[in-house]
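A.B. asks: Just so you know, the protein sequences line up as chains F and P, in that order. Counted the way my numbering counts, the first sequence spans residues 1 to 84. Counted the way my numbering counts, the second sequence spans residues 101 to 184.
Everything labelled a hint here was simulated from the structure, so no lab data went into it. Keep in mind that this is a model prediction, so the values were computed, not measured. For each residue, glycine too, the CB sits at the ideal point set by N, CA and C. Honestly, I wouldn't trust all of these hints.
To be verified - Across the chosen pairs, the derived CB separations fall in these ranges:
1) S136(P) with Y32(F): 38 to 48 Å
2) E51(F) with T158(P): 24 to 34 Å
3) A114(P) with K4(F): 10 to 20 Å
4) L130(P) with S36(F): 38 to 48 Å
5) K33(F) with S129(P): 40 to 50 Å
6) S79(F) with L116(P): 36 to 46 Å
7) T122(P) with K4(F): 13 to 23 Å
8) M101(P) with K12(F): 26 to 36 Å
9) L30(F) with K133(P): 43 to 53 Å
10) S52(F) with P171(P): 37 to 47 Å
11) S79(F) with E174(P): 17 to 27 Å
Protein chains: 2
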Amino acid sequence: MLYKAEVKVALKQAVLDPQGSTVEGAVKSLGYKGVSQVRIGKLIEMTVEAESEEQAGTLVTELAKKILANPVMESFTYSLTEVK
Amino acid sequence: MLYKAEVKVALKQAVLDPQGSTVEGAVKSLGYKGVSQVRIGKLIEMTVEAESEEQAGTLVTELAKKILANPVMESFTYSLTEVK
Chain F
1 MLYKAEVKVA
11 LKQAVLDPQG
21 STVEGAVKSL
31 GYKGVSQVRI
41 GKLIEMTVEA
51 ESEEQAGTLV
61 TELAKKILAN
71 PVMESFTYSL
81 TEVK
Chain P
101 MLYKAEVKVA
111 LKQAVLDPQG
121 STVEGAVKSL
131 GYKGVSQVRI
141 GKLIEMTVEA
151 ESEEQAGTLV
161 TELAKKILAN
171 PVMESFTYSL
181 TEVK
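Looking at chain F on its own, in the form it has when it is part of the complex (with noise of 0.2 Å):
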């Protein structure tokens, strides 16, 4: 069965994010209010076969571990959606 896998990857809240302070600032020098704690991460999107979600949950967290996320920076979750 095909799955689309969304991975979300996102630095850890310990980790500084120097891209996320220099949007936030830029937000700011636009004149936009209320707006703080701006933090950003990637957002993987991919197509996989397995023959069940358990199976596709198992590959992407093993692809997110190996290949997508740094484990000691970054922390991901994912959702899985059966395509039919």
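Given chain F's structure and the hints, the job is docking chain P onto it.
C.D. replies: Frame of chain F, contents of chain P only:
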């Protein structure tokens, strides 16, 4: 009220995604099968202070159009969650 906004920015389908192709190549060269259509986007999280969810949505849409996404090549979606 405080809202947590999550903005997903992805390249439009018609736009080539070299970063995604590279990751897909890496996945395949490590021997994983069944993974295709890898696309890499951005995930921006921020805290927004606004009077209502509608107002927060308007602000986030404006920020996404002006700063977070390049409307020529990228599309975005967002979700808001109230922070209690």
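A.B. asks: Against each hint, give a clear statement of whether it holds in the structure.
C.D. replies: Status of each hint after checking the structure:
1. S136(P) with Y32(F): 38 to 48 Å: 39 Å, holds
2. E51(F) with T158(P): 24 to 34 Å: 45 Å, violated
3. A114(P) with K4(F): 10 to 20 Å: 19 Å, holds
4. L130(P) with S36(F): 38 to 48 Å: 39 Å, holds
5. K33(F) with S129(P): 40 to 50 Å: 48 Å, holds
6. S79(F) with L116(P): 36 to 46 Å: Given a distance of about 25 Å, which is not inside 36 to 46 Å, the answer is violated.
7. T122(P) with K4(F): 13 to 23 Å: At 20 Å between Cβs, range holds.
8. M101(P) with K12(F): 26 to 36 Å: 27 Å, holds
9. L30(F) with K133(P): 43 to 53 Å: 46 Å, holds
10. S52(F) with P171(P): 37 to 47 Å: Cβ of S52(F) to Cβ of P171(P): about 39 Å, so the range 37 to 47 Å holds.
11. S79(F) with E174(P): 17 to 27 Å: 21 Å, holds
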